[in-house]
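Number of protein chains: 2
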Amino acid sequence: MEEVLQKPNINTTPIELMPDFRFAQSVDCVIFGYDGGEIKVLLIESDLPAYKGQWSLLGDVLHPDEDLDHASYRVLQERTGLSNMFLEQVKTFSAVNRHPAGRVITTAYLALVNVKDYQLQRQEHSLHWHSVSEITTMAFDHKLILDTCLLALKKKIQEEPIIFNLLDKKFSLRQLQQVFEAVLGIEFDRRNFRKKLFTTGMLKDEHEMETDVHHRPGKLYSFNPAAYEKIKGNSFVGLQF
Amino acid sequence: MEEVLQKPNINTTPIELMPDFRFAQSVDCVIFGYDGGEIKVLLIESDLPAYKGQWSLLGDVLHPDEDLDHASYRVLQERTGLSNMFLEQVKTFSAVNRHPAGRVITTAYLALVNVKDYQLQRQEHSLHWHSVSEITTMAFDHKLILDTCLLALKKKIQEEPIIFNLLDKKFSLRQLQQVFEAVLGIEFDRRNFRKKLFTTGMLKDEHEMETDVHHRPGKLYSFNPAAYEKIKGNSFVGLQF
DNA sequence: ACAAAAGTGTTGCTGGTACACCCATGT
DNA sequence: ACATGGGTGTACCAGCAACACTTTTGT
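Same order as they appear, the protein sequences are chains X and Y.
Residues in the first sequence are numbered consecutively from 850, following the numbering used here.
Residues in the second sequence are numbered consecutively from 850, following the numbering used here.
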């Protein structure tokens, strides 16, 4: 502790004394979708010799003239053709030996897309949707990143109305409930689920019915962001330890 | 979209094609303390010409042989002499022009320390505690980082029992309540607060009383992590939109 | 005696949970 | 007719919010 005053500090050290700029920075996107009653993630087969044949997240290096949000959005657009998807930074991973090419720091982004929208685009043959529950190993530290983002997703859908990004604009209450159940791995009582969702005021009745369904069709709803804006931030109290 | 197949991907591109390693990576620690009924943050005066005289977070560049958690812990140890403080990654900031020395990506860490422990250490004369509410401008994008970490703190103390890191090992219920109130900026009913905290089972009665207090002394308690382990993860249900 | 904060219970309200029956549609 | 899921209401319970008086200590 005696040398405390001599330690360099990036915020107080003149430019000419700054250490070398020797790190690479990348983004990796954990792109979740919902299909066939399961949560899926979009992966690509790694071509790196060290991880030949293993699955990897979609990522890219950061360009010199863009920030991380921009880079992750660019990756999503280039790979899926989608725009305006939900995209949010989750965590940065920096283990010393996490990348065989050298010191690459990566920032993980959580993305939610509608698998149907994606399927309308020209697809790279090397990209595939994988059931999250069936993935055991991945290239690099990507399994750790996936697990971290899945946990973030579970937490986040209970705090903010982002789950609608996984569904069509119009959806039935059954579909909505099933996505919740798939993400959280638990089941809800149907009646209580409906009550709860209605009381939030977030559901807009589209006055349409399901079609192509082999039973009594349900009503279709859409997410009403305006109603959510009113109720959000409604007392942040209640110390929920 | 036609060139999708030609886009490089850091996870699939062979090593010899990897873009240059030209970024600097740093950590910045938002070190919160509680003193005089207020939340404080530990800052240093910036010596960089561009930000001469402005206040800056404590940070350092990442060393080649360490990860970000290690770097942030090192900064804390070197600057405050403390060990085993609460320390957690919050977010990575990457605006293109955020640092005058070049392309420096920084990862913000939230740290909670007991101001009294810190005061026992040899202090750098250039470090000072500032009331969070009085800070208006800072060097770099540090005001943005501070605001982000303060928001994270508000959220986090309602989800996990981390607030005890701001207090002595033994504390009175009044002290505990006042820290909550200082962080959240709201007031609680004293009776309800006590009830709520007791029902969590997290408070261990130390069978001691406050001293040096100019009124009837209160009982002292400590945080019981074992009790918390039992109740945490107690149903993650209740879609709290 | 006074000031300051400790300590303590009850009531009403709100929201969560558990639970069962009839209805509409397709086969 | 049967299978599948849509749509609805009630009763109980737990947790939160509002609220006032007595006790202990220091000055």
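One thing to keep in mind: the hints can contain errors.
The list treats identical chains as one, so a pair stands whether inside a single copy or across any two.
Below 25 Å or equal to it, Euclidean Cα-Cα: the simulated DMTMM-like pairs (lysine to aspartate or glutamate) are [unchecked claim]: (1) K1068 x D896; (2) K1019 x E1036; (3) K1053 x E983; (4) K1003 x D914; (5) K992 x D914.
In short, the hints are calculated from the structure, not lab data.
These numbers were taken from a predicted model, which means no experiment stands behind them.
To see whether the hints hold, each was checked on the structure:
1. For the identical chains of this complex, K1068 and D896 are neighbours neither inside a copy (46 Å) nor across copies (63 Å), given an alpha-carbon limit of 25 Å.
2. Taking the closest pair of Cα atoms, K1019 and E1036 come within 25 Å of each other only inside a single copy of the chain (22 Å); across copies the shortest separation is 42 Å, beyond that limit.
3. When the C-alpha separation of K1053 and E983 is checked against a cutoff of 25 Å, the pair qualifies neither within a copy, at 35 Å, nor between copies, at 43 Å.
4. Within a single copy, K1003 and D914 get their C-alpha atoms no closer than 33 Å, and across copies no closer than 33 Å, so neither meets the 25 Å cut-off.
5. Taking identical chains as interchangeable, the C-alpha atoms of K992 and D914 lie at most 25 Å apart only when they sit on different chains, with a minimum of 23 Å there against 29 Å within one chain.
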